[in-house]
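K.L.:
Each chain, letter by letter, is given below.
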Amino acid sequence: MTTLTDDTLPVTPRAMRDEMIAFVLMALLLASVPFTGVYPFFVMQALCFALLACAFNLLIGYGGLLSFGHAMFLGTAGYCCAHALKVWALPPELGILVGIAAAFVLSLITGYISIRRQGIYFSMITLALSQLLYFIYLQAPFTHGEDGIQGIPQGRMFGVFDLSKPTVLYYVVLVGFLAGFLLIYRIINSPFGEVLKSIRENEQRAISLGYRTDQYKFLAFVLSGTLAGFAGALKVFVAQNASLTDVHWSMSGEVVLMTLVGGLGTIFGPVVGAFAIIAMQQYLAGFGQWVTVIQGSIFVVCVLTFRRGVIGEIAHYFRRSL
Amino acid sequence: MQALYAQLLVGLINGSFYALLSLGLAVIFGMLNIINFAHGALYMMGAFVAYFLLSLGGINYWWALLIAPVIVGIFGMILERTMLQWLTGLDHLYGLLLTFGIALIVQGVFQNYFGSSGLPYAIPDQLKGGMNLGFMFLPIYRGWVVVFSLVVCLATWFLIEKTQLGAYLRAATENPTLVRAFGINVPRMITLTYGLGVGLAALAGVLSAPINQVRPLMGADLIIVVFAVVVIGGMGSIMGSIITGFALGVIEGLTKYFYPEASNTVVFVLMVLVLLVKPTGLTGRAA
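Chains as they are written, first to last, in the working numbering: chain A, 1 to 322; chain B, 1001 to 1287.
So here's chain A without its partners, still in its complex pose:
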């Protein structure tokens, strides 16, 4: 049985140089957005989803674990951050920390439960857990049910950066995204990341070599969930609300789709996928439910003919890892 990313290439020093060049190019491109007249709100939203997809990719692309409930981290961090900002009137940096902490605790609990089963069961368990949280948030008073938490004050980050100014907010979100991205890149290329990949390729052998694979997978899950929470906390400042949409299973599905389109197990794929899917939603917003149909069709086409994704195909063509 082939694994999800059976044709990724081993990372060589040369490939790492390529990756750093690509990273600098991406950072420069994103940093120049406010000067180009591109609608910054769109890019900020895409950046939040890109970080979410990168966090998700850490789990599936490098750990071989398909989580179908990553929206629970996005939504939980969002709700907690929004609550901290609005009700407790905390400054933005502490609000983000509250959101991240909430996602961290949640990922400890859900990771402990879901890592007990493998493969397809793991996906079903994460989906069921996120649905459980969805119903809890639907009924919990602090989330305001169907209305969500609205009119969240953006405040001044570190008392200096006024987040109500779009350009300032844009750069704060961008820095957050790049920091998260680099952290994930670092994790992937660490000894921990290498063990994780070996578990993805052949868990039995990793066990026979003396690795406690469950602990590695658990740690990957917690890292992925916490980073997804970071994305959720950042998104609060962009959208200025926290609602049930962010916890719904369809959101989990969208994250999977973004990563699949960009390329599972590629470093830049989730970013490209997130921009592609968010752009598609923007342009097709007037078509109502046809957007769902198109998303479904992309799933089908990707799985049947395009399993490497955009970046995966490019990397394969140039025989590089990207």
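Hints may contain errors.
The following residues of chain A were derived to be distant from chain B, with all beta-carbon distances above 12 Å [to be verified]:
(1) Ala22
(2) Ala27
(3) Phe35
(4) Val38
(5) Phe41
(6) Val87
(7) Trp88
(8) Glu93
(9) Val105
(10) Arg156
(11) Leu174
(12) Leu182
(13) Thr213
(14) Tyr216
(15) Ala239
(16) Ala279
Each pair of labels, with its calculated beta carbon distance range [stated by the list, open to error]:
(17) Gly288(A) to Phe1258(B): 40 to 46 Å
(18) Gln1126(B) to Met280(A): 47 to 53 Å
(19) Met1136(B) to Val301(A): 49 to 55 Å
(20) Phe41(A) to Pro1260(B): 40 to 46 Å
(21) Gln139(A) to Arg1081(B): 42 to 48 Å
(22) Phe1052(B) to Phe287(A): 20 to 26 Å
Hints listed in this document are in silico derivations from the structure and should not be mistaken for laboratory results. Using N, Cα and C, we set each Cβ at its ideal position, and we do this for glycine too.
Since the structure of chain A is already known, use the hints to place chain B on it.
P.N.:
Okay, now just chain B, sitting in the frame of chain A:
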């Protein structure tokens, strides 16, 4: 006490749907190694086919009970021939992703034409009204759903566990290459199995049409509960799926009576508890 019995009955009905759906998932998983995310969408299609048969063709409930599963089953077999069969040998997860995409397409198309509101489907004349059992009032249609689902479940169990065809099927689940070597057309059997599993989902859809209205998203949330049921029961045993399905329906019904706030979540909470106590699920076959 009346309210308790009424909730128990609702629980049994939901349990019937859980059993029919998780049974289909288990049969499909056994042969195709795919978790059929489209199961909820195909359940919804079953209800819609029954609705169209009645409103457009004047074909009544009893025929719909037969025709809808066949139509949806054929649709499923086309899906299997055109798409799912290409996933043989790939990671399980691609099957989940592909069928998730199919579910989005099917649900999206129906939502476009029918919105999110429900369409009514009348209870057939023969099953209207109710009986007084002394301790409770039993609406005949609801009693019928429970009894009929139970019969279908047991018939499926019999087909798979006790007949020659079922023996081929079980053998092909264990070792498809060897079974092919005996001259049995395994690919065709896989297609038929998918049709059977999907047909069971469609049948559940027809049964539910007069109770819950016919809605494009009627299967979307249901399938997630059924996934939890499958995690609890495991997919290793047909009888296990049936019993777990009904049992969880009843527990959900009891929760509606004693602590209604938790009725949406009780199945998921039970799943968590089962995973903590017995990670392999109740029927105990590790994944």
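K.L.:
Against each hint, give a clear statement of whether it holds in the structure.
P.N.:
Structure-based check of all given hints:
1. Ala22: 26 Å, holds
2. Ala27: Given a closest Cβ separation of 31 Å, the condition holds.
3. Phe35: It holds; Phe35(A) is separated from chain B by about 37 Å at its closest Cβ, greater than 12 Å.
4. Val38: 29 Å, holds
5. Phe41: Label holds. Min Cβ-Cβ 26 Å, cutoff 12 Å.
6. Val87: Holds: least Cβ distance 23 Å, greater than 12 Å.
7. Trp88: 26 Å, holds
8. Glu93: 34 Å, holds
9. Val105: 16 Å, holds
10. Arg156: 39 Å, holds
11. Leu174: 30 Å, holds
12. Leu182: Holds, since 28 Å exceeds 12 Å.
13. Thr213: For Thr213(A), whose nearest Cβ neighbour in chain B is about 14 Å away, the distance exceeds 12 Å, so it holds.
14. Tyr216: Since the minimum Cβ distance to chain B is about 17 Å, Tyr216(A) lies beyond 12 Å and the statement holds.
15. Ala239: For Ala239(A), whose nearest Cβ neighbour in chain B is about 23 Å away, the distance exceeds 12 Å, so it holds.
16. Ala279: Fine: 18 Å to the nearest Cβ keeps Ala279(A) off the interface.
17. Gly288(A) to Phe1258(B): 40 to 46 Å: Holds, since Gly288(A) and Phe1258(B) (Cβ atoms, about 41 Å apart) stay within the stated range.
18. Gln1126(B) to Met280(A): 47 to 53 Å: 50 Å, holds
19. Met1136(B) to Val301(A): 49 to 55 Å: 52 Å, holds
20. Phe41(A) to Pro1260(B): 40 to 46 Å: 41 Å, holds
21. Gln139(A) to Arg1081(B): 42 to 48 Å: Distance hint for Gln139(A), Arg1081(B) holds at roughly 44 Å.
22. Phe1052(B) to Phe287(A): 20 to 26 Å: Between Phe1052(B) and Phe287(A), where Cβ atoms are some 25 Å apart, the hint holds.
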